[in-house]
Amino acid sequence: MALALVIRCLPRSMNGSIRTSHMWSKGQLNGSIFKHYPAAGLLAKDTNAMVAVAPRREMSDGGDHVKLWTAERALSVGLLGIIPAAFIVPSPAMDYLLAVSLVMHCHWGIEASVVDYIRPAIFGPVIPKVAIASLYGLSIFALGGLIYFSYSDVGLVNAVKMFWKFFTSPHLSGRGCEPISQQSISI
Amino acid sequence: MSIALRRLMACPGLHRGAFGGVMGSQIRNVVLRSQPAAVKTAEDFFEKNERLKRPMSPHLTIYKPQITSMLSISHRITGIAVTGYVYAFSIGMMCLPASFPHYCAALATASPALLFSAKFLLAFPFAYHTCNGVRHLMWDLAKGLEISQVYKTGYTMLAATTLLTLALLFC
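For the record, the sequence lines run as chains A and B. Position 138 of the first sequence, counting from 1, maps to 138 under the numbering used here, and the rest follow consecutively. For the numbering used here, count along the second sequence from 1 and bump the result up by 187.
A couple of the hints might just be wrong.
Here are the computed lysine to any residue pairs in the SDA-like style, where the Cα-Cα straight-line distance is at most 20 Å [unchecked claim]:
no. : chain 1 : residue 1 : chain 2 : residue 2
1   : A       : 67        : B       : 327
2   : B       : 330       : A       : 80
3   : B       : 330       : A       : 161
4   : A       : 161       : B       : 240
5   : A       : 165       : B       : 327
6   : A       : 165       : B       : 240
7   : A       : 165       : B       : 331
8   : B       : 240       : A       : 121
9   : A       : 165       : B       : 330
Going by beta-carbon spacing under 10 Å, a handful of chain B positions derived as facing chain A [to be verified]:
no. : residue
10  : 246
11  : 250
12  : 253
13  : 291
These stretches of chain B come out as covered by chain A in the derived footprint (C-beta under 8 Å, 3 or more residues) [what the hints assert, rightly or not]:
no. : stretch
14  : 263 to 274
15  : 318 to 328
Derived by calculation from the structure, the hints in this document are not laboratory data. Nothing here was measured: the structure is a model prediction, and the numbers come from that model. We treat Cβ as the ideally placed atom computed from N, Cα and C, and that holds for glycine.
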C-alpha cells in the first residue's frame, strides 16, 4: 500500500474560497511539491500526517509574472533614453512615443503600488478590484489626453519647454508664451 | 499504515513474539484495515488569527527609519508624484477649453517665487526617481546588492539627484 501524505495546499482566490485538500502519493512527492514547499521533505516519513502549509496569497492565481517584469525593466531602460531624446530632437513622432512609454511606465508603477497597499485582507473583496479598474480608466484617459495634446496642441515636450522658460530667463517673464518654433530656446 | 507496522509484517514470525508475553496463548488473528485520516476543515494562518481576534504585532511604527527603507519609499512616493503630474496635466488639458499657450501666458503672471517653487516641485521628484531608478535597474542586473554597496550607491544617488535637480532648475 502506497504511503499517502496529505498536504493541504491553500492557494487563495480573490473571493476567498478555499480549495479542498490534495492527496499526494509517494511517487508524486519527488515532483513539484518539494519545489514549492521544500519543508515538506522533512515530513515525508511521517505517514497520515496532516500538514497545513502556509499558503501563498496572491491576487491572481497562477500566471507567469516574469514576462511582465522583464517588460517593465525594458521600458524603464527605454525611458532613460527616450526622455532626453524627446527634448534634444523634438518631433511629433517623439511626442507620441514619449506619451505611450511614459503612461505605460506610470501605469505599471501605480498598479504595483495599488496591488501592494489596497489588499483584500484590509479592504474586502470589492474595493481592490474597483481600484485597479479605476487605474486602468485613468491611464487610458491620460494616454488619450497626451496623444490628443500632441495632435491638436503644442505637445508635452514643447509645453514643458514653454513653462520652463519662466524664472530661468527673467527678461522673458511677463512676455507671455509663444510657440517654440518662433523662439530660439537652447537646451 | 505506519512504518513500524510494515516492518512487523515483513517478518511474519516476529509479531507473535512481540506481544507474546502479555497475551500468552490467546493469540488472535487480527485483520488490520487502514483508512484515510479524517479530513479536518482547512484554516490558514490569517483566518486562524482573525478567528481568535488576535491583535497585530506593531510593525511600521516600531521599525527604525533607515536609509535603505527611506530611499525605497521615497522612490515610490516620487514615482506617484510624477505620475500625478502627468495624469493631471493630460486629463486636465483634455478637459480645459483653451490651448496650452493661453494657460501658459496666464501662468506667466504669477510671482517668480511661486514659479520657481513649482519648478522645484516638478524637477526634484523627477530627478530623484530617475537616479534611484538607475540604482533599481542595477539591482535587477544583480549588481550592487551587498549592503555596503547599497549604502554607497544610495549616497551617490542622492548626490546625483541634487546635481540633476540643480541642473534642471537652472538650465
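Okay, the hints, checked on the actual structure:
1. A:67 x B:327: holds, 14 Å
2. B:330 x A:80: OK: residue 330 (chain B) and residue 80 (chain A) at ~18 Å, within 20 Å.
3. B:330 x A:161: The given pair, whose Cα atoms are some 36 Å apart, is violated under the 20 Å limit.
4. A:161 x B:240: violated, 57 Å
5. A:165 x B:327: violated, 37 Å
6. A:165 x B:240: Judged against 20 Å, a Cα distance of about 59 Å means the pair is violated.
7. A:165 x B:331: violated, 39 Å
8. B:240 x A:121: Distance of about 14 Å is within 20 Å: holds.
9. A:165 x B:330: Violated: residue 165 (chain A) and residue 330 (chain B) sit about 39 Å apart, past 20 Å.
10. 246: This interface hint is violated because 13 Å lies over the 10 Å limit.
11. 250: With a closest approach of 17 Å, the residue 250 (chain B) hint is violated.
12. 253: violated, 19 Å
13. 291: holds, 4 Å
14. 263 to 274: With 7 residues in contact (Cβ-Cβ under 8 Å with chain A), the coverage given for the stretch 263 to 274 of chain B holds.
15. 318 to 328: With 5 residues closer than 8 Å to chain A, the stretch 318 to 328 of chain B meets the three-residue bar; holds.
Hints 3, 4, 5, 6, 7, 9, 10, 11, 12 from the earlier list are contradicted by this structure; the remaining hints agree with it.
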